[in-house]
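J.: This is what each chain is made of:
4 protein chains.
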Amino acid sequence: MSRFREPQHPDFQRLNVSLGFDRRLWPFDIAQSRAHARMLAAREIITAADRDALLHGLDAVEAELAAGSFPFGEGDEDIHMAIERRLTELAGPVGGRLHTARSRNDQVATDVALYTRDRARLAREGLGELMAALLARAEEHLDWQLPGYTHLQRAQPVYLSHHLLAYFWMLARDRERFAFAARQAGRLPLGAGALAGVSFATDRDMVAAELDFPEVAPNSIDAVSNRDFVLDYLSAAATCATHLSRLGAELVLWSSEEFGFCELPDAWSAGSSIMPQKKNPDAAELLRAKAPRLLGRLTALHGVLHALPLTYNKDLQEDKEGLFDAADTLELELRAATGMIAGARFSRERMRAAAGDELIGATDIADLLVAHGMPFREAHGVVAGLVRASLDQGRSLSQLTPAELGQHSPALAELGESYYAALRPESWLESKVSVGGTALARVREQLQLARHALDADVTDS
Amino acid sequence: MSRFREPQHPDFQRLNVSLGFDRRLWPFDIAQSRAHARMLAAREIITAADRDALLHGLDAVEAELAAGSFPFGEGDEDIHMAIERRLTELAGPVGGRLHTARSRNDQVATDVALYTRDRARLAREGLGELMAALLARAEEHLDWQLPGYTHLQRAQPVYLSHHLLAYFWMLARDRERFAFAARQAGRLPLGAGALAGVSFATDRDMVAAELDFPEVAPNSIDAVSNRDFVLDYLSAAATCATHLSRLGAELVLWSSEEFGFCELPDAWSAGSSIMPQKKNPDAAELLRAKAPRLLGRLTALHGVLHALPLTYNKDLQEDKEGLFDAADTLELELRAATGMIAGARFSRERMRAAAGDELIGATDIADLLVAHGMPFREAHGVVAGLVRASLDQGRSLSQLTPAELGQHSPALAELGESYYAALRPESWLESKVSVGGTALARVREQLQLARHALDADVTDS
Amino acid sequence: MSRFREPQHPDFQRLNVSLGFDRRLWPFDIAQSRAHARMLAAREIITAADRDALLHGLDAVEAELAAGSFPFGEGDEDIHMAIERRLTELAGPVGGRLHTARSRNDQVATDVALYTRDRARLAREGLGELMAALLARAEEHLDWQLPGYTHLQRAQPVYLSHHLLAYFWMLARDRERFAFAARQAGRLPLGAGALAGVSFATDRDMVAAELDFPEVAPNSIDAVSNRDFVLDYLSAAATCATHLSRLGAELVLWSSEEFGFCELPDAWSAGSSIMPQKKNPDAAELLRAKAPRLLGRLTALHGVLHALPLTYNKDLQEDKEGLFDAADTLELELRAATGMIAGARFSRERMRAAAGDELIGATDIADLLVAHGMPFREAHGVVAGLVRASLDQGRSLSQLTPAELGQHSPALAELGESYYAALRPESWLESKVSVGGTALARVREQLQLARHALDADVTDS
Amino acid sequence: MSRFREPQHPDFQRLNVSLGFDRRLWPFDIAQSRAHARMLAAREIITAADRDALLHGLDAVEAELAAGSFPFGEGDEDIHMAIERRLTELAGPVGGRLHTARSRNDQVATDVALYTRDRARLAREGLGELMAALLARAEEHLDWQLPGYTHLQRAQPVYLSHHLLAYFWMLARDRERFAFAARQAGRLPLGAGALAGVSFATDRDMVAAELDFPEVAPNSIDAVSNRDFVLDYLSAAATCATHLSRLGAELVLWSSEEFGFCELPDAWSAGSSIMPQKKNPDAAELLRAKAPRLLGRLTALHGVLHALPLTYNKDLQEDKEGLFDAADTLELELRAATGMIAGARFSRERMRAAAGDELIGATDIADLLVAHGMPFREAHGVVAGLVRASLDQGRSLSQLTPAELGQHSPALAELGESYYAALRPESWLESKVSVGGTALARVREQLQLARHALDADVTDS
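If you read the protein sequences in the order shown, they are chains A, B, C and D.
Position 39, counted from 1, in the first sequence is what my numbering calls 51; the numbers after and before it change by one each time, with no gaps.
Position 396, counted from 1, in the second sequence is what my numbering calls 408; the numbers after and before it change by one each time, with no gaps.
Position 136, counted from 1, in the third sequence is what my numbering calls 148; the numbers after and before it change by one each time, with no gaps.
Position 44, counted from 1, in the fourth sequence is what my numbering calls 56; the numbers after and before it change by one each time, with no gaps.
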């Protein structure tokens, strides 16, 4: 019997029912119910016989869910009620004992925490695979030259290995973000009841241990109203997707005829419905396009929590669809990025030709003047004048004669042969000897660091 | 034959294929295909026989789609390709002629524009129903008093009709927003081809007329890359949802035991899994909670378009899911709000008791002093002192004697009986005689205006 | 005297005081005070002498504010209080009469509405200038060829005029958005009082007429809590900034050595602190970068309004900084875009070379086959095979002999000379004869339309 | 001499110049310059005499900046250039040597990282103070009863200490978020040069040690384009502000006449310009209102980074204003929350009266039936029927006689006296004995945990 006289309006049910999306929580709901039942028996809140009947029933329910044969009913509002209903059908009235010392409020929070931990783990795995692919391609293209760009203008040449590793380190930080999110989801809500705790002497540590939570949430009110860990997951996902959007944007750019630095594998490209010649980098574009979607999910949940009084409010139901979509999207993105990175064919010639643009050497001429004692700012001015003259005359820097150089600055003339040597790309590249720089020895150091970082997380997770 | 050698990677297909969500565009795709076929024949680009075969085939395809018997295939990337494939199966090779002088780029943009116009219309209809419900309840509760709040502190009493009409006018503005979005979606993209126009002397005005577009898009490049109208729809939806979140928040507040201003209908309320006494305003909470979801959809599409070079890019595929979800959510929200407003039972007693809080009359005392010649700022100070004294002494303002009033200010004593009269709620309410104010005569004027506004749009849409 | 015993905490003042940013509302506050004073006298709420004293005092205050000599005081919480305080200092106690029949709630809402209308007007002016610049450059570069891109792959050649006009139409729509925002800000809040109207028989229509508001807000509660028009302004600004981000992104791309389609004027470019050769498109990058800032402002205000109960709440103070920053940013962006567009030097040679990529002609070959009776889908397949063969053999499409063509498809061989003619860029361009297409005659039509659209708004605003 | 012929357009400067906001980076710029100069000398890239001259000059510049007497010039584009210019004026041409082996790209990234670390530290301090205030008030109000709410409906009574501690734990998690952000900002960018490293054998570890960075950034490309740590700071700030918005919303609610649970201190309250009786919780409202502002800043930076190709782009200049504003806002919010929490006067009577609502005891009756062997679901139904009957008859649950109870369910009658005992608030409260629950013994445990958590971070930071 209910305290209500009127049935729910069908539109209210449409708005309210979460079964359409929360059914994917079932493995976690089953897991927590098992742990809860065992604890109830251990504390003698239910009998051992009841526990066994519940566990047996949960096995049956799980089997149906796994097989896709679970009979969802019209009245099932959410996956939690559906499972409990079915459990009672299969196991008899004892099924009703499972909700002892538990509320839907702490139950849902626990399922979502378990889910978040699981997807954070999968994100880290996907990141590890993409990092490994980047590392492998970096090793293959150790000394392939291309221009480094600032402001999308050629600035200084770098090795492709160095450029690919830049993404490696972004993703390594993302793994730390997901590890943080998992830690934040690591405080067990179960046992908080509706909001105030429960009237039974439960053993929350036992449940936490079985479900692999490092801690129990210390405050029942906070436990049922806390969705911070979903924010943490979504923030990690949004940052990671932003990184992937940069990678996607570069792949699109590099695949253009104008850059021509790489060709994406056919398996990750699309044709055109009308232009038969087209080979479009659709996957790279979608990589670029998905970051705002994940950011939208993050901002939505922040908005939901904004100004929300304690404790549980129905608004919190809005936590799930965003989380699910973000996790699905991100993991697929990571696989797509891995596939594209693994299969991209880089064009050594096109990249080298672009890197050979002599103006890129201008900074090194300035550095050379500094090494000969000129303050940097003065050297910068001398070389800027030289660049302007060379552009005006349509001649390259290396075509200027020592006499002409002397007209700009006596110091330039004094550089002698070292002036011309500095304008060769190889010397620019190998001159960047500082730690983290692009000189080959430094990149080799970095590869070793990266290999170590990659392995470290694998052990840790 | 394709220009590709490798098949697409399954994960690429998962990322790329839009059939899972864009299939709901089918009615619009069929409609535009019919219009396109007729135009092609009218311009003699295809024969009348071909046109008839195409139209006949489209009828068959439509019937299958409407009946749910359409045989989607594994290779169907999107609804457009699926329909064309099926058309060719049913109508024979002539099906291939339908894509003459059309590209997926202008085809998709046209479907999305048609869809946006349709959902904008539905939003306006839903708004009209909610406005009508508010108007009806305002008429029923014309002179029911309740406090108007500023800063959630009781400020000045108003009539419930006046308060409900505040929402009416917000929603009336939202109708204007959706009308604007529909106008922005009213420039036909079809005919722009892939980006540059098509090599056939098409008649875009004919297609526009058949599909009820007031104009044709004047620039083919813009036509295929423009999704502004989706932004306009989403912006309207986000603003409308923000209004509904305010309504939801007030319903939650008013349903609390502390306020007790209204009780929501059982049909729009929920119980608790653990607390049998609870009657929870879940629908009102969800009304409150959904605005950030819609805002997240708006921000996501802005993000997708950010920095996107012209013309069509695959990123634009991200336009649809947000639009669909926003429209579904908003229309359901409007029905829920209508149901709750129509069914809410207001408590005349609780509202009147709160409105009778005598401190609310303080402003009127100040106005009275002004009417007797005291500058407003001075009057404000006099009354503030009076309030403080009354709070300190634990006495109400009307319990102060003329002698005591005189001690505060001679002007107060001079008010005589009018001082005590001004402290009766009825006088506060009826004193607000300015246009748009809460005096009954003004509210009656406003009801008439509202009735007129409601009817106006019905005619217009 | 106040009802408070304790002074405000300095940190509360830091949080609360809005004078730091709202002082720029002063011209609007003065204007509304003038109109209000005149109306009060017209309705005999104050005397003509009081009115004149107030108007005289307001003149003096305005002069101080305009000259920068206005003596702001420590206790000035906001610009409204500062002006009223100063007015009373200059005009004597009559200054206190100005707040008769007015509350800060309707006063602030009115200032913000006036401000919004003003900035919407300025945005439209700035848009008009940028549109004029685009139109002028389009006319100058009527028949300059460049590739149109889809997926950043060369797709079909277009004229630069056509491409520039694509931006023209985006901006034309933005003008409509700002006009809409101005209309939404066109309902006068003043007269709503704190929330319930005022106890005086005011004449709101008179104030509306003087301040150029087409209507008065019909509901006092809504009038003080409504900030929709700021949302409308911010939404227009965010969409416009998103357009400008696309323009900025293309200018960055086109300025790269790889594209080389244009060179930005020195006056809008920056050097590098370390690389003397660099010429960086900083202004174009900032155009690209600002859209999310404006979007952030829009989302922030949506968030502020989310779930906010009626009527006025202090939260609404968060409306101003975002609006001010958005307007400043957008207008500066529009000037920057105008400067860059007006001064950019396009490279006819680089663009033509890119447009001459013969693969771009593939679609036209397919269209040719269609014109000879082959269904489009079949033609698409034939040409896709041709493209693959030509890429495999490293030969261009026009190097294939009629005999080789015949091996692919007899229909190809039958095309004869028209096959080779179709592969010349001029023919691709001029083949796009549909309305809105890139053929010169169509672009000329479009220029005329654009000229007309540009002039239309000037008259209207 | 520059490579440019035209001067910069004034509007370009307005758009480009960052001195208006980045000047607050000066302490960090001076600090890094000192460390850089010392390192250059240690590696013999400059002489010891040069180093001393630079350090001496930096002291003088710092003194001017600290005193506010630093002469900013028209041409100063940013704080970095201003300091270097002034250094050269004061120290002579040697000033130009400071930029050796450094680019503005790594210099700016380093300043921003230093700044982020500093503000993360300040946020943690502010959090610690608010946590301490919450803890102190919790200890003072250990056993004050109030209703715990779900769905804003009274659900189960809790102690005020327990409720206040819920916020304590939210903030404790926020401290972890800021610690995470600080760690992410703990990899030194300096030494990365423009993007590729520098041509000098620098000692980055020495600089890192002096500036207290735990690590050096391992990849120069990533180092100059990385702003992840700002995202991490902003994400922490947005989550923290969301928590504060919930606190603010509850303070507003509790300060209403309807709830009447607390009165905010005068020092954190405001009056009304028109209603002399009003005491408004402006500070609490602003606490509620600021979260979307910070979220807007986070989303803006995500948007800026979206799809941005490597390495440095001018777009990154958009990182600072949001960061500065977020930090200022958040720290002020934390102080305001601390002030309000410390000064709020709670009303024991109003809270207890609300907590005594007998319907709240319904769950405990259900639990009692469970303890007597009835499955929970069945017990829930029995009690729901009881509640409906009691509401229908207008009688409280404790007014029902044993006979009447027996009519509902024999099991109810069997409860005997324990039925009536369970309806006393004290028993409800003390029945929640599970870990983290609201029974006094559990709250005392929690207070100890909280005290420990508070102290732990103080030691750690």
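Calculated directly from the structure, the hints in this document are not laboratory data.
Don't be surprised by glycine CBs; every beta carbon is placed ideally from N, CA and C.
One or more of the hints may lead you astray.
[Unchecked claim] Simulated coverage check for chain B against chain C, where a stretch passes if three residues somewhere in it have a Cβ under 8 Å from a Cβ of chain C:
id : segment
1  : 147–158
2  : 222–235
3  : 353–364
[Stated by the list, open to error] With a cut-off of at most 20 Å between alpha-carbon atoms, the simulated SDA-like pairs for lysine to any residue come out as follows:
id : chain 1 : residue 1 : chain 2 : residue 2
4  : D       : 291       : B       : 435
5  : D       : 291       : B       : 275
6  : C       : 291       : C       : 362
7  : B       : 291       : B       : 275
8  : B       : 291       : A       : 26
9  : A       : 291       : B       : 18
10 : A       : 291       : C       : 394
11 : D       : 291       : C       : 89
12 : A       : 291       : A       : 359
13 : C       : 291       : A       : 369
14 : A       : 291       : C       : 390
15 : C       : 291       : A       : 361
16 : A       : 291       : B       : 25
17 : C       : 291       : A       : 394
18 : A       : 291       : C       : 400
19 : B       : 291       : D       : 407
20 : A       : 291       : A       : 275
21 : D       : 291       : B       : 370
22 : C       : 291       : D       : 407
23 : B       : 291       : A       : 394
24 : D       : 291       : B       : 393
25 : B       : 291       : B       : 277
J.: Hint by hint, say whether it matches the structure.
T.: Status of the hints after comparison with the structure:
Three residues within the 8 Å Cβ limit are the bar, and the segment 147–158 of chain B against chain C gives 0, so the coverage statement is violated. With a threshold of 8 Å between beta carbons, the proposed coverage of the segment 222–235 of chain B by chain C holds, since 8 of its residues qualify and at least three are required. Residue count for the segment 353–364 of chain B with a Cβ under 8 Å from a Cβ of chain C: 0. That is fewer than the three needed, and the coverage hint is violated. A hinted pair counts as satisfied when its Cα atoms are at most 20 Å apart, and residue 291(D) with residue 435(B) qualifies at roughly 19 Å.
Between the alpha carbons of residue 291(D) and residue 275(B) the distance comes to roughly 29 Å, so the proposed pair goes past 20 Å and is violated. Restraint check for residue 291(C) and residue 362(C): the C-alpha separation of about 19 Å stays at or below 20 Å, so the hint holds. The straight-line distance between the Cα atoms of residue 291(B) and residue 275(B) is roughly 10 Å, inside the 20 Å bound, and the hint therefore holds. At roughly 19 Å between alpha-carbon atoms, residue 291(B) and residue 26(A) fall within 20 Å of each other, so this suggested pair holds.
As the CA atoms of residue 291(A) and residue 18(B) are separated by approximately 12 Å, the hinted pair is consistent with the 20 Å bound. About 16 Å separates the Cα atoms of residue 291(A) and residue 394(C), which keeps this hinted pair within 20 Å; it holds. Annotation: proposed proximity of residue 291(D) to residue 89(C) holds, straight-line Cα distance about 16 Å (limit 20 Å). Of the supplied pair hints, the one linking residue 291(A) and residue 359(A) holds, its CA atoms being roughly 17 Å apart against a limit of 20 Å.
For a cut-off of 20 Å, the pair hint linking residue 291(C) to residue 369(A) stands: about 14 Å separates their Cα positions. Restraint check: the Cα-Cα separation between residue 291(A) and residue 390(C) comes to about 19 Å, which is no more than 20 Å; the hinted pair holds. Taken as a hint, the residue 291(C) and residue 361(A) pair is broken in the structure, with Cα atoms around 25 Å apart against an allowance of 20 Å. For the hint linking residue 291(A) to residue 25(B), the alpha-carbon distance of about 15 Å falls within 20 Å, and the restraint holds.
In summary, the hint linking residue 291(C) to residue 394(A) is supported, as the alpha carbons are separated by about 16 Å, within the 20 Å threshold. Taking the CA atoms of residue 291(A) and residue 400(C), the gap is about 11 Å. The hint holds against a cut of 20 Å. The suggested pairing of residue 291(B) with residue 407(D) holds, with an alpha-carbon distance near 17 Å, which does not exceed 20 Å. Proposed proximity of residue 291(A) and residue 275(A) is supported: the alpha carbons are some 10 Å apart, at most 20 Å.
Distance restraint check for residue 291(D) and residue 370(B): the Cα-Cα separation of roughly 15 Å lies within the 20 Å cut-off, and the hinted pair is therefore satisfied. With a C-alpha separation of about 83 Å, the suggested pairing of residue 291(C) with residue 407(D) is violated against the 20 Å cut-off. Taking the CA atoms of residue 291(B) and residue 394(A), the gap is about 80 Å. The hint is violated against a cut of 20 Å. Of the pairs offered as hints, the one joining residue 291(D) and residue 393(B) holds, with about 14 Å between alpha carbons and a cut-off of 20 Å not exceeded.
The suggested pairing of residue 291(B) with residue 277(B) holds, with an alpha-carbon distance near 10 Å, which does not exceed 20 Å.
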